[in-house]
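K.L.:
Sequence:
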Amino acid sequence: VTISRKIHTESPTEYKFATNHIPLTFSFPLSGIYVAWRPTEKPWDQQDCQRVSSKSRCFCGHLLNQHEKYNSKHVFLKCVQSSCLCKAYKFVPSRPEEVGEYWLTKRRDFDPAAYRAKCRCKHTHEEHVADPPPYRCQAKGCGCSGFTSAFVCAACDRPWQLHETVFETESERRAAGRQVGDAWMPFSELPELAKIAATGMDNPNVETLMDALPAEAHIKMLPER
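Residue numbers (UniProt numbering): 1 to 225.
These aren't lab readings, by the way, just hints derived from the structure by calculation.
Idealized CB from N, CA, C, for every residue including glycine.
Watch out, some of these pointers could steer you wrong.
[Stated by the list, open to error] Listed next, the in silico BS3-like pairs over lysine-lysine satisfying Cα-Cα at most 30 angstroms (straight line):
no., residue 1, residue 2
1, Lys87, Lys118
2, Lys73, Lys55
3, Lys140, Lys87
4, Lys55, Lys118
5, Lys122, Lys87
6, Lys78, Lys55
7, Lys118, Lys69
8, Lys55, Lys42
9, Lys87, Lys42
10, Lys78, Lys42
11, Lys55, Lys87
[Unchecked claim] Here are the computed distance ranges between Cβ atoms for each label pair:
no., residue 1, residue 2, range
12, Ser83, Asp182, 35 to 45 angstroms
13, Gly141, Val180, 14 to 24 angstroms
14, Gln81, Leu104, 22 to 32 angstroms
15, Ser72, Lys122, 15 to 25 angstroms
16, Asp109, Glu68, 20 to 30 angstroms
17, Gly141, Ala176, 38 to 48 angstroms
18, Leu162, Gln138, 44 to 54 angstroms
Generate coordinates for the entire structure from the input sequences, incorporating the hints supplied.
P.N.:
And the structure:
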């Protein structure tokens, strides 16, 4: 509730959420392609843990827009940056909030631009080879044979290596029963929060997540008589 209200304020945290999370929901659906990061195992694979934008970071350290362009015959997007060995875009969390490490942002010396997700060997994803899997660590003296995330996804509590980055058309998502269009937007399941986040117009009647639920949800939650 707080984040949806503050997206249009000058708060650095909420502004970053707005610039990194909200705009991406428009860019890819409008191009006809949805890019999502989701678990590979059932039943978690039914949800999209992250909506991926052109500025989302890859395991290799470069952004999605620094990789090849997607087309239906070319689904593994190689990095086009000089000397990068990445053969396919692989989303990696680039903000503490995405892995449940909210406390990091409250540290005085925290630098959002320098934050990188780490392996259990204590080295960042950028210190591991971009390809091939399992992404051996290149740090001097480290015997790590493959990247194993020291974090879990804030949305599903699964580690990074049990996720995949998926490129899908709207028809493919519809066939799989997944969200498209407006339903792809953040807070889509909470219409009142979605309105606040998208327009900046507050609703004083929304104080809790329960208040933001659609009317039909309230009816379903009423006890039977």
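K.L.:
Look at each hint and say if it fits the structure.
P.N.:
Structure-based check of each hint:
no.	hint	in the structure
1	Lys87 - Lys118	21 angstroms, holds
2	Lys73 - Lys55	23 angstroms, holds
3	Lys140 - Lys87	24 angstroms, holds
4	Lys55 - Lys118	20 angstroms, holds
5	Lys122 - Lys87	24 angstroms, holds
6	Lys78 - Lys55	15 angstroms, holds
7	Lys118 - Lys69	28 angstroms, holds
8	Lys55 - Lys42	28 angstroms, holds
9	Lys87 - Lys42	26 angstroms, holds
10	Lys78 - Lys42	28 angstroms, holds
11	Lys55 - Lys87	18 angstroms, holds
12	Ser83 - Asp182: 35 to 45 angstroms	42 angstroms, holds
13	Gly141 - Val180: 14 to 24 angstroms	48 angstroms, violated
14	Gln81 - Leu104: 22 to 32 angstroms	27 angstroms, holds
15	Ser72 - Lys122: 15 to 25 angstroms	40 angstroms, violated
16	Asp109 - Glu68: 20 to 30 angstroms	37 angstroms, violated
17	Gly141 - Ala176: 38 to 48 angstroms	45 angstroms, holds
18	Leu162 - Gln138: 44 to 54 angstroms	23 angstroms, violated
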